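Enquirer: Protein chains in written order, with the numbering used here: chain A, 124 to 288; chain B, 124 to 288; chain C, 124 to 288; chain D, 124 to 288.
Bear in mind the hints are in silico, worked out from the structure with no lab data behind them. Among the hints, a few may not be true.
No copy is singled out in the list; a pair is fine if it fits within one copy or between any two copies.
Claimed, not checked - Each computed SDA-like pair below joins lysine to any residue, with the alpha-carbon atoms no more than 20 Å apart:
1) Lys225 - Leu257
2) Lys152 - Glu280
3) Lys152 - Gly239
4) Lys152 - Gly282
5) Lys225 - Thr256
6) Lys152 - Arg128
7) Lys216 - Leu169
8) Lys152 - Thr281
9) Lys216 - Gln148
10) Lys216 - Asn196
11) Lys216 - Pro157
12) Lys225 - Gln148
13) Lys225 - Thr146
14) Lys152 - Arg172
15) Lys225 - Arg161
16) Lys152 - Asn196
17) Lys225 - Gly282
18) Lys152 - Ser259
19) Lys216 - Leu174
20) Lys152 - Leu180
21) Lys216 - Arg279
Keep in mind the model is a prediction, meaning the values are calculated, not measured.
Number of protein chains: 4
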Amino acid sequence: MPSERIRILITGGTFDKEYNELTGQLYFKDSHLPEMLRLGRSNLDLEVRTLMMIDSLDMSGDDRRIILEHCLNSPEHRIVITHGTDTMVDTAKMLATHIRDKTIVLTGAMVPYMFGSSDGLFNLGSALAFAQTLPSGVYVAMNGRRYPAGSVRKNRETGMFEAES
Amino acid sequence: MPSERIRILITGGTFDKEYNELTGQLYFKDSHLPEMLRLGRSNLDLEVRTLMMIDSLDMSGDDRRIILEHCLNSPEHRIVITHGTDTMVDTAKMLATHIRDKTIVLTGAMVPYMFGSSDGLFNLGSALAFAQTLPSGVYVAMNGRRYPAGSVRKNRETGMFEAES
Amino acid sequence: MPSERIRILITGGTFDKEYNELTGQLYFKDSHLPEMLRLGRSNLDLEVRTLMMIDSLDMSGDDRRIILEHCLNSPEHRIVITHGTDTMVDTAKMLATHIRDKTIVLTGAMVPYMFGSSDGLFNLGSALAFAQTLPSGVYVAMNGRRYPAGSVRKNRETGMFEAES
Amino acid sequence: MPSERIRILITGGTFDKEYNELTGQLYFKDSHLPEMLRLGRSNLDLEVRTLMMIDSLDMSGDDRRIILEHCLNSPEHRIVITHGTDTMVDTAKMLATHIRDKTIVLTGAMVPYMFGSSDGLFNLGSALAFAQTLPSGVYVAMNGRRYPAGSVRKNRETGMFEAES
Numbered sequence: 124m125p126s127e128r129i130r131i132l133i134t135g136g137t138f139d140k141e142y143n144e145l146t147g148q149l150y151f152k153d154s155h156l157p158e159m160l161r162l163g164r165s166n167l168d169l170e171v172r173t174l175m176m177i178d179s180l181d182m183s184g185d186d187r188r189i190i191l192e193h194c195l196n197s198p199e200h201r202i203v204i205t206h207g208t209d210t211m212v213d214t215a216k217m218l219a220t221h222i223r224d225k226t227i228v229l230t231g232a233m234v235p236y237m238f239g240s241s242d243g244l245f246n247l248g249s250a251l252a253f254a255q256t257l258p259s260g261v262y263v264a265m266n267g268r269r270y271p272a273g274s275v276r277k278n279r280e281t282g283m284f285e286a287e288s
Numbered sequence: 124m125p126s127e128r129i130r131i132l133i134t135g136g137t138f139d140k141e142y143n144e145l146t147g148q149l150y151f152k153d154s155h156l157p158e159m160l161r162l163g164r165s166n167l168d169l170e171v172r173t174l175m176m177i178d179s180l181d182m183s184g185d186d187r188r189i190i191l192e193h194c195l196n197s198p199e200h201r202i203v204i205t206h207g208t209d210t211m212v213d214t215a216k217m218l219a220t221h222i223r224d225k226t227i228v229l230t231g232a233m234v235p236y237m238f239g240s241s242d243g244l245f246n247l248g249s250a251l252a253f254a255q256t257l258p259s260g261v262y263v264a265m266n267g268r269r270y271p272a273g274s275v276r277k278n279r280e281t282g283m284f285e286a287e288s
Numbered sequence: 124m125p126s127e128r129i130r131i132l133i134t135g136g137t138f139d140k141e142y143n144e145l146t147g148q149l150y151f152k153d154s155h156l157p158e159m160l161r162l163g164r165s166n167l168d169l170e171v172r173t174l175m176m177i178d179s180l181d182m183s184g185d186d187r188r189i190i191l192e193h194c195l196n197s198p199e200h201r202i203v204i205t206h207g208t209d210t211m212v213d214t215a216k217m218l219a220t221h222i223r224d225k226t227i228v229l230t231g232a233m234v235p236y237m238f239g240s241s242d243g244l245f246n247l248g249s250a251l252a253f254a255q256t257l258p259s260g261v262y263v264a265m266n267g268r269r270y271p272a273g274s275v276r277k278n279r280e281t282g283m284f285e286a287e288s
Numbered sequence: 124m125p126s127e128r129i130r131i132l133i134t135g136g137t138f139d140k141e142y143n144e145l146t147g148q149l150y151f152k153d154s155h156l157p158e159m160l161r162l163g164r165s166n167l168d169l170e171v172r173t174l175m176m177i178d179s180l181d182m183s184g185d186d187r188r189i190i191l192e193h194c195l196n197s198p199e200h201r202i203v204i205t206h207g208t209d210t211m212v213d214t215a216k217m218l219a220t221h222i223r224d225k226t227i228v229l230t231g232a233m234v235p236y237m238f239g240s241s242d243g244l245f246n247l248g249s250a251l252a253f254a255q256t257l258p259s260g261v262y263v264a265m266n267g268r269r270y271p272a273g274s275v276r277k278n279r280e281t282g283m284f285e286a287e288s
């Protein structure tokens, strides 16, 4: 039995940052998502789109509207969005006010995938699994868990995501 | 809201193999699971037990009974088992005939975690997510997907897991 | 036959930068040099000292004097200095005006060791080898080659080191 | 000033072993040497040839003769040979009886380059540096040091190379 197709929307974030050896700065080149799916030996039916490659601290209202548009227009009912962790909750909350009939899971990474110590691959496997099993709604998948968009926050001291009443 | 505790039972498999530089052979030392959970920045409430560290081709009926015992005696209702991929389906089918009231997810890796190109971290995140959301039953989580124990097989040509009628 | 002892002086640089997941910035913690020597399975007799952990763009005259002092006072006649690449040539030139009777090899990395794509391990093996065989003098060891301090520059377009007349 | 061209002869060994996920065995595909030179950001003038890709335990007299032929016919006077560590000393000793006018440095790895904990990159940087500075002769470059072919052995307990009288 084939799996239901899942759409992956890439927006950048620490997940995809790279080190520019000439400037010593972190920056964006191409997404590593295809490479990560190969590493994970994913057998899922996926539609992957890169919407933007930015730090979520730089995300504007227009950027969020682009993400919303793509979610609304997606023929797939199950969507994973890779996103910077700093404003992931903001985007999740905004999406939740507009979309009720799709399962949307936002995830990201605290350490760039290109670093040896990245949580990116773990989070990607996690988010794709949650996208397949959770009922309609918007969720944040980080630290092995999922949180409904309306009750999650990023603890900026620990860098971990947690439930918020 | 704290997450429901999940039990992880480690049995070895390619997931945990290491390279012995003196003999040139792959072998087992300590499990890398704790390290992988740290890398994934897991915030889950977990109880981790190492039952054995063996290649699943070397698994005997007694070994499988040990795994079964631990599943039956586990106070947790959600269990992830790391296991060699060669006979993962056999263990899954055996567990499914005896256990109906727990969510048990078996996973492993095609390439040792210690290799740069391992699917281990991806599979671990995937399995832990499935363990949190799937209803009671025994499943195999590989290649980003989950398969009920009664209808999955490992395709030995491709190394991928697929549904089997 | 035991090898002649080599002194390694650590000053930081990109070589040792780490990613701070809470701030998204690169920063210094402990040097990775001991770990790199273990990875390289080094059998050399080494005396390792951390003098500072800074970006070489932040190096002051006082910092350079500290490096000079340690070189002058080193009982070992063969010294490797890990250093940021941006002002490595400046430090090398300064050392060359004061020291003539020791073999001093400066090296670093264009990409932090913690990144998968680092040149750090290659450069370390290279610099330690040059330190064992070159006659007295101050050298920069980068890109697999060594350059006398008086005739090397960093090409800021390519990030490579090259001979300069 | 351009660097003198160095020839690299690839023969395989643990240096280049890969993990076959379908069979669970280590095997040879293509050499990773070009990739390692890119990682090390090598600026050396190099001529690279793959002679064979075998475990040095499987090396025959004919295989060694091929290596010898290529060394004798090499227009370059500085040669690095990547080789399995198990019989690296045997090949080195054989080459030393036939060649006196070239600098030949053999190196390898105790752990495959594809493993996270490989000494391959360190050894490659080391061997290339020794090849540039050592006088004519045949040497083994391992563990950060170099040993003349006539007085080196591999300690099979520790996996380290050491001088032998």
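Enquirer: Go through the numbered hints given earlier and state which of them the structure violates, listing their numbers in rising order.
Expert: Numbers 6, 7, 9, 11, 12, 13, 15, 16, 17 and 18, in rising order.
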